[in-house]
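*Asks:* Now for the letters of each chain:
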Amino acid sequence: MPHEVSNPDRDALITGIGLVSCLGEGEDNHWAALNDFAPVVDTASFAPFPVHPVAPLQLDRQISKRDQRQMEPWQRIGTYAAGAALDAAGVKGNADLLGRMELIVAAGGGERDYAVDEAILSGLPKAADPGAYLNQHLLGDLRPTLFLAQLSNLLAGNISLVHGVIGSSRTFMGEESSGVDAVRIACARIEAGQGDLFLVGGSYNAQRPDVILHYEMGGFLWKRPFAPVWARQDAGGGMVLGTVGCFLVIESRAHAAARGAAAVARIGSVQTDRCRRAPGEADAIARRQLDALHYDPAATAVISGASGAAAATREEQAFLAGLGLPVRAVATAFGHSLEPSFPAGLAVAAMAVSRGTLFAPLEPAETAMCEPLRQALVTSRGHWRGEALALVTAA
Amino acid sequence: MRSDIDHLGRPVVVVTGMGVLTSLGQGQAANWRALTAGVSGLSRISRFSIAGMKTTVAGTVDFIPVDEMSAPALSERLAELTIDEAIAEAGIGQFGDFPGPLFLAVPPVEMEWPQRLALAAASGANETVTYADLLRAAGSGDFARFNERFLFGSVGEHLAARFGTKGVPIATSTACASGGTAIQLGVEAIRRGEADAALVCGTDASVNPESLIRFSLLSALSTRNDPPSAAARPFSKDRDGFVMAEGAGALVLESLAHARARGATVLGVIEGCGEAADGFHRTRSSPDGKPVIACMRRALADAGLAPDDIGYVNAHGTGTPENDKMEWVGLQAVFGDRAGSIPVSSNKSMIGHTLTAAGAIEAIFSLLAIRHGVLPPTINHEIPDPAVPIDCVPNVARSATVTHAISNSFGFGGQNVCLVVGAA
Chain A
5 MPHEVSNPDR DALITGIGLV SCLGEGEDNH WAALNDFAPV VDTASFAPFP
55 VHPVAPLQLD RQISKRDQRQ MEPWQRIGTY AAGAALDAAG VKGNADLLGR
105 MELIVAAGGG ERDYAVDEAI LSGLPKAADP GAYLNQHLLG DLRPTLFLAQ
155 LSNLLAGNIS LVHGVIGSSR TFMGEESSGV DAVRIACARI EAGQGDLFLV
205 GGSYNAQRPD VILHYEMGGF LWKRPFAPVW ARQDAGGGMV LGTVGCFLVI
255 ESRAHAAARG AAAVARIGSV QTDRCRRAPG EADAIARRQL DALHYDPAAT
305 AVISGASGAA AATREEQAFL AGLGLPVRAV ATAFGHSLEP SFPAGLAVAA
355 MAVSRGTLFA PLEPAETAMC EPLRQALVTS RGHWRGEALA LVTAA
Chain F
859 MRSDIDHLGR PVVVVTGMGV LTSLGQGQAA NWRALTAGVS GLSRISRFSI
909 AGMKTTVAGT VDFIPVDEMS APALSERLAE LTIDEAIAEA GIGQFGDFPG
959 PLFLAVPPVE MEWPQRLALA AASGANETVT YADLLRAAGS GDFARFNERF
1009 LFGSVGEHLA ARFGTKGVPI ATSTACASGG TAIQLGVEAI RRGEADAALV
1059 CGTDASVNPE SLIRFSLLSA LSTRNDPPSA AARPFSKDRD GFVMAEGAGA
1109 LVLESLAHAR ARGATVLGVI EGCGEAADGF HRTRSSPDGK PVIACMRRAL
1159 ADAGLAPDDI GYVNAHGTGT PENDKMEWVG LQAVFGDRAG SIPVSSNKSM
1209 IGHTLTAAGA IEAIFSLLAI RHGVLPPTIN HEIPDPAVPI DCVPNVARSA
1259 TVTHAISNSF GFGGQNVCLV VGAA
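Chains A and F, in that order, give the protein sequences.
For what it's worth, this note's numbering labels the leading residue of the first sequence as 5, then goes sequentially.
For what it's worth, this note's numbering labels the leading residue of the second sequence as 859, then goes sequentially.
FYI, nobody ran anything at the bench for these hints, they're computed from the structure.
By construction, the Cβ of each residue, glycine as well, lies at the ideal position given by its N, Cα and C atoms.
Each hint should be verified, as a subset may be incorrect.
[What the hints assert, rightly or not] What follows is a set of in silico ranges between Cβ atoms, one per label pair, in the way DEER data are often shown:
hint, chain 1, residue 1, chain 2, residue 2, range
1, F, Arg905, A, His298, 49 to 59 Å
2, F, Thr986, A, Arg378, 54 to 64 Å
3, F, Phe921, A, Arg280, 22 to 32 Å
4, A, Gly135, F, Arg994, 20 to 30 Å
5, A, Ala364, F, His865, 53 to 63 Å
6, F, Phe921, A, Pro52, 41 to 51 Å
7, F, Arg994, A, Ala131, 19 to 29 Å
8, A, Gly360, F, Gly1051, 33 to 43 Å
9, A, Gly360, F, Thr986, 55 to 65 Å
[Claimed, not checked] Computed, partial: chain A to chain F, Cβ under 8 Å:
hint, residue
10, Ala136
11, Leu143
12, Leu152
13, Ala160
14, Ser172
15, Ser182
16, Gln198
17, Leu217
18, Glu220
19, Gly222
20, Arg389
Make a model of the complete structure from these sequences and hints.
*Replies:* Below, the structure is given as structure tokens:
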């Protein structure tokens, strides 16, 4: 979907936002917290790695106690955010609409049993027969149902089960890019008449030793006291992970109009690409993507998905500086959340565009915007791979 | 001559190249020979200790070497080999420059025990090892390759770079329906004019102790270990679970117009795709078969065909008691009186359940069945199940002229895909 959509009936509109982060839940709470920003960071649990913890949720509002017990945190957070999006779009409980709603989830994997892992790692090297030891402890100590929390496609499975979204279900994997492509495919299918009503998003639980371990192996994490995304770059950069759940109801203008649904904003374009990140390659992609868009520089801001990871963030910072537009790095507020980071960036952009104003800078490197906001560019330069740009406009 | 446009005015999507690798061997020819001879690829697991395991049989691919074995490493290698075969057959693009996007069905990845143990050893922790110890070792920078290997996007990224596919590769997981989902994504991209050609691959090499035990703890696997070749018995009364297996299947999809313009040989047509999700239960599918019925009907409608047009069903046929019964319920609803007479065979009786790859591999076998006029059998069929009175092409391959076939893929977790494939 590289160009502006020509048939307005096939415009892709955001008609519901479900957002959960360290700043709370819901559009209004997030908007208030972004306008009066104070970082919410857990510096103790995974020291020296700061993490943005999810705000306390009243899970019962979206998920029965019985279903909650069948899930691990990443699924509860995602299923909760999905339910909130359905509520916001006015489709919750509407069996007719949910029966043909198409679900696209961007997901990684689920939590492990950390106590079992640590016990096996402690005992196996001393065991006479390490292979037999591993089998015996996995067979005896793993909860059989934990598997249902680990498989990537079982966030989607839980959303179908709990909320009845059963038109279709697809799960994309691949860190930041999976979240971008989930949205891109939904918008492309709407434009082409291959679907009318989508639920798209993902969830990420950053409060997990295994995910912190994974990114620490790659040297991607920030290990000092909290600092905002751009301010980190002078000290070598790094990601601060954040727990986020974000789902968007995206539907064709014709479908929204027919059911009298109000739209928050319109997704005008989603472009994605990849490269091996040789010097200048990612910038060349960003430039091409930007040149394919029409936007009004006087009324546009950038909602950046910069992860904080050193090389990619520094390059993006320099690239954006050349545009002269006000920029906000969402990861400063939410932490970086991989799969749902782009849907969350779109949600923030949609909120700002629908309110006609940009929230205040999150750090000194960002400039205030006094003019009314009509459009937002949403970037996603993955911490390792994937370059994306979207345009959000008034509905 | 077939029109370039289908019954709904969309580009017809054809297959011009295929590659397949399973426990039966490497390549279309080796697989088709074994499959139609009723040979089993299942064997006793030798890759790791089976001490204490209730299930000791799998369809592992042990004849393809990789450096630093892991599920994503072997999955990626199997994908490379099958894509090589598919691209060579299609004769499309230049080496390292495929003219379209990549849609990949790949298993979820997670760091595995050898890597976790390497970190633990490097941490120097003695009596008890905690995640804090692993984190300390991770900070050394010595394990950066594990970070890349176990990113969810790394298999797709590596394949996209190697084959020069266009844009971001999409890696999809709908459990055992993933291969079907990947094909559907490719078909949709071509139909909406986004691409003239697409590369699709389903790959899975995740037979390792923890994966096997996870499925085993859910009582999903066959425990009929002796002999391994008899473990998978879809549609038989004494079926007792599926057998985990590895493999990959790759397809070059093109619009018919594009294939024609470059003079490519058309191997078959992806005529329709249908999908439906199941909101019934986390591990069980709706006993009424509603989602399975819906996805078969949607695939037929998408293809513009009636049930009577279908001459063969390549079943999901896992060999679990519940799946095969539910699939029969679905077939009865869709095919009515014909349900018992239409040939329905399960490749899983021979290659086991290749999980993420199954939808792609079995779509290829469905196309080969049409192309060669031979239906692969369901082996190990000794005791028919009176509750599933299906013509499963028992034990021996059968000659048949088929113009349209269905390939079913039902995912654990409730995601179902059905493809209608047709003769060139």
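*Asks:* Against the structure shown, which of the earlier numbered hints fail to hold, in ascending order?
*Replies:* The structure conflicts with no hint, since it agrees with every one listed earlier.
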